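J.: Please build the complete structure, drawing on both the sequences and the hints.
Those protein sequences? They're chains R and U, same order as listed. Quick note: the first sequence, position 104, residue 103 per numbering that gives the first Met the number 0, numbers continuous. Quick note: the second sequence, position 171, residue 170 per numbering that gives the first Met the number 0, numbers continuous.
In case anyone wonders, no lab produced these hints; they're calculated from the structure. Everything numeric in this text was worked out from a predicted model, so none of it was measured. Some hints could be false.
Here are the in silico distance ranges between beta carbons for each label pair [to be verified]: (1) Ile96/R with Ala189/U: 28 to 38 Å; (2) Ile96/R with Pro128/U: 42 to 52 Å; (3) Ser233/R with Lys181/U: 41 to 51 Å; (4) Ser61/R with Met60/U: 50 to 60 Å; (5) Leu62/R with Asn56/U: 32 to 42 Å; (6) Gly190/R with Ala189/U: 48 to 58 Å; (7) Leu68/R with Trp198/U: 43 to 53 Å; (8) Leu93/R with Phe48/U: 37 to 47 Å.
Note that CB positions come from ideal geometry on N, CA and C, so glycine has one too.
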Amino acid sequence: MDTNIKESKPRSRVGGQLSRSLPHIPMYVILGLFAVFNIFVIVWVALASFKTNRQLYANVWSLPVSFALTNYIKAWTTVKMSQYFLNSLIVVTLSVILTLVVSAPAAYVLTRIKFRGSNFITQFFIAGMGVPAAVLFIPLFDMLSKIKMVDNLAGLILVYIVLAIPFTTFLLTGFFSSLPVELEESAAIDGASPLAVFIRIMLPLASPGLLTAAILNFVSTWNEYMLALIFITSDKNRTISLGLYALQSSMQYTGDWVGMFAGVVILMIPIVIIFVFLSRRMISGITMGAIK
Amino acid sequence: MLNKQRRKLIIPFLAPSLILYLVFFIYPTIQGLGVSLDDWSGFKLPLKFIGLLNFKNLLTMDDNFVIALKNSMYLFFVGGFVIFAVAFLFTSFLSSGIKAKNFFRGILFFPNVIAPIAVVTIWQFLYNPRFGLLNGFLNIIGLGQFDQSWAAPGRIFPAITVIITWMAIGYYLVLLLAAADKIPQDVYDAGRVDGANTWQMFWLVTLPMIWDVIGILLVLWMISAMKQFEIAYAFSSTGSVPPESYTLPIYVVVEGFGMREPIYRLGYASAVGCVLLFIVVILTIVIRRLFKREAIQY
Numbered sequence: 000m001d002t003n004i005k006e007s008k009p010r011s012r013v014g015g016q017l018s019r020s021l022p023h024i025p026m027y028v029i030l031g032l033f034a035v036f037n038i039f040v041i042v043w044v045a046l047a048s049f050k051t052n053r054q055l056y057a058n059v060w061s062l063p064v065s066f067a068l069t070n071y072i073k074a075w076t077t078v079k080m081s082q083y084f085l086n087s088l089i090v091v092t093l094s095v096i097l098t099l100v101v102s103a104p105a106a107y108v109l110t111r112i113k114f115r116g117s118n119f120i121t122q123f124f125i126a127g128m129g130v131p132a133a134v135l136f137i138p139l140f141d142m143l144s145k146i147k148m149v150d151n152l153a154g155l156i157l158v159y160i161v162l163a164i165p166f167t168t169f170l171l172t173g174f175f176s177s178l179p180v181e182l183e184e185s186a187a188i189d190g191a192s193p194l195a196v197f198i199r200i201m202l203p204l205a206s207p208g209l210l211t212a213a214i215l216n217f218v219s220t221w222n223e224y225m226l227a228l229i230f231i232t233s234d235k236n237r238t239i240s241l242g243l244y245a246l247q248s249s250m251q252y253t254g255d256w257v258g259m260f261a262g263v264v265i266l267m268i269p270i271v272i273i274f275v276f277l278s279r280r281m282i283s284g285i286t287m288g289a290i291k
Numbered sequence: 000m001l002n003k004q005r006r007k008l009i010i011p012f013l014a015p016s017l018i019l020y021l022v023f024f025i026y027p028t029i030q031g032l033g034v035s036l037d038d039w040s041g042f043k044l045p046l047k048f049i050g051l052l053n054f055k056n057l058l059t060m061d062d063n064f065v066i067a068l069k070n071s072m073y074l075f076f077v078g079g080f081v082i083f084a085v086a087f088l089f090t091s092f093l094s095s096g097i098k099a100k101n102f103f104r105g106i107l108f109f110p111n112v113i114a115p116i117a118v119v120t121i122w123q124f125l126y127n128p129r130f131g132l133l134n135g136f137l138n139i140i141g142l143g144q145f146d147q148s149w150a151a152p153g154r155i156f157p158a159i160t161v162i163i164t165w166m167a168i169g170y171y172l173v174l175l176l177a178a179a180d181k182i183p184q185d186v187y188d189a190g191r192v193d194g195a196n197t198w199q200m201f202w203l204v205t206l207p208m209i210w211d212v213i214g215i216l217l218v219l220w221m222i223s224a225m226k227q228f229e230i231a232y233a234f235s236s237t238g239s240v241p242p243e244s245y246t247l248p249i250y251v252v253v254e255g256f257g258m259r260e261p262i263y264r265l266g267y268a269s270a271v272g273c274v275l276l277f278i279v280v281i282l283t284i285v286i287r288r289l290f291k292r293e294a295i296q297y
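T.: Structure (structure tokens):
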């Protein structure tokens with residue numbers, strides 16, 4: 000809210016007045032250098048993915064001769080990125096959706112219904128955020144291999160869901176507790192059952208929070224390869240990050256940098272799309288949790 | 000009356016996530032603590048109780064564990080120092096009223112959403128001594144004397160730390176900015192009336208007011224640093240991970256699942272995992288205590 004400072008100076012943020020803009024120049028320079036570096040690196044990799052290895056070694060700074068998709072086709076077919084991409088699409092989408100299905104109702108009852116132990120259970124879930132997966136994946140691997148859920152996509156989905164529960168619960172409980180109480184009460188007075196209140200009123204209201212949790216979980220699950228490395232052992236079940244890792248390990252022998260770069264671009268495409276359209280939501284989701 | 004009816008929802012709504020969490024997260028964690036007291040050489044083999052022997056060996060005779068521990072701590076302290084120093088600096092810049100704040104914030108945050116494996120690929124190329132971009136750039140701008148093997152043995156982990164730091168700065172910048180943005184304008188105005196400049200404003204106004212948030216962010220970073228696996232594991236020029244690059248989670252995987260040799264020391268690996276969890280808990284308590292302060296209501 001604006002405060003009532005009756006001055007003739009223009010309203011502005013700290014130190015942002017015209018006469019003080021000179022000290023801002025070094026700020027622009029420093030920020031600019033960092034920004035340029037980031038942009039440059041990405042653009043360079045994208046351009047390099049259109050070169051051949053020989054062109055790359057000849058001159059790293061040159062633009063590609065043509066934008067032929069050879070590297071991409073090779074990555075997609077020979078290197079089986081298409082299979083990995085599909086696996087990731089299935090695994091990540093399903094685990095994101097199921098995580099919400101499981102966590103949203105829990106977050107709802109934990110925040111909107113006062114019952115004994117609700118606070119404890121909430122903290123109990125959130126504490127899981129501090130447990131490194133390394134602590135539990137040996138027994139978890141043993142458990143899953145006994146029920147034949149290792150080296151299959153369903154098992155990986157299960158692992159992803161379970162490991163996403165702490166953070167998702169954290170985010171959603173924060174979000175649900177910020178919604179107004181009156182709507183539920185008035186709906187109840189109108190005779191709606193609690194279930195209907197949840198589905199017809201709370202869920203739609205909570206959809207920004209659900210969407211944010213979905214985006215953040217999608218990005219982190221798509222990008223990860225550690226759990227996939229442990230729980231997936233055969234080539235056909237690899238997710239895309241794991242596939243790139245495998246590619247990279249073998250690249251020591253082939254030296255196919257441009258092929259790697261094509262793989263990098265393929266891997267990054269969904270995330271870049273999400274980022275371009277939804278970065279504000281991502282950022283607000285991240286801050287929502289930590290900065291109340 | 001509303002509440003009574005709604006209470007019927009509690010069990011069906013809470014059960015799925017609670018059960019999944021208990022069965023597949025909490026139970027394995029506790030099992031891991033138990034297994035660390037055993038000698039377990041393979042998933043189909045039986046466990047042999049050996050008490051604290053794993054821990055004793057770990058803490059007294061294991062050089063690789065010491066390397067892993069040192070690396071994880073190095074990442075937390077050195078990496079953390081750089082990340083937070085830069086993030087604070089940039090927060091003060093972006094809060095001082097310059098234009099294109101959201102643009103800079105977005106560009107600086109972007110590395111955080113790139114897959115770590117992709118980031119490693121990119122940086123391996125940057126670091127490459129023969130035709131990499133880093134050396135190439137130095138030569139172009141006349142600083143060719145600095146042309147060197149950036150990721151040579153002996154410096155691999157600092158090189159890895161640079162990569163992790165690059166990715167993380169944007170994340171903590173975003174959080175710090177959000178915290179700084181919540182400080183109401185009147186506080187700044189009062190400061191301005193008293194004659195403070197931008198720099199003083201940052202140190203004497205912004206920083207104290209977000210002190211407890213900084214504590215939370217440090218805990219987040221500590222957990223993140225202790226969990227570090229993907230970048231250090233993939234970044235290696237020889238195809239398998241040298242001990243020099245070990246972090247604690249990497250060591251758990253190496254001891255537990257073996258790398259090229261099928262030697263599984265599952266009890267021992269679990270002990271490493273226990274130590275890791277213990278460190279996280281202790282550091283969390285220490286950091287929270289250091290940064291505790293009554294919340295200033297505003």
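J.: Taking the hints in turn, state whether each one holds.
T.: So, going through the hints one by one against the coordinates:
Roughly 49 Å separates the CB atoms of Ile96/R and Ala189/U, a value that falls outside the hinted 28 to 38 Å. Range check, Ile96/R to Pro128/U: about 46 Å between beta-carbon atoms, so the 42 to 52 Å window is met. Judged by the Cβ atoms, the range 41 to 51 Å given for Ser233/R and Lys181/U holds: they are separated by roughly 49 Å. The beta-carbon spacing between Ser61/R and Met60/U, approximately 53 Å, falls within the hinted interval of 50 to 60 Å.
Our hint of 32 to 42 Å for Leu62/R and Asn56/U is violated, since their Cβ atoms are close to 56 Å apart. Restraint check, Gly190/R to Ala189/U: a C-beta distance of roughly 53 Å satisfies the suggested window 48 to 58 Å. Between Leu68/R and Trp198/U the CB atoms are about 51 Å apart, so this pair conforms to the stated range of 43 to 53 Å. At roughly 40 Å, the beta carbons of Leu93/R and Phe48/U sit within the given window of 37 to 47 Å.
Of the hints listed earlier, those the structure fails to meet are numbers 1 and 5, in rising order.
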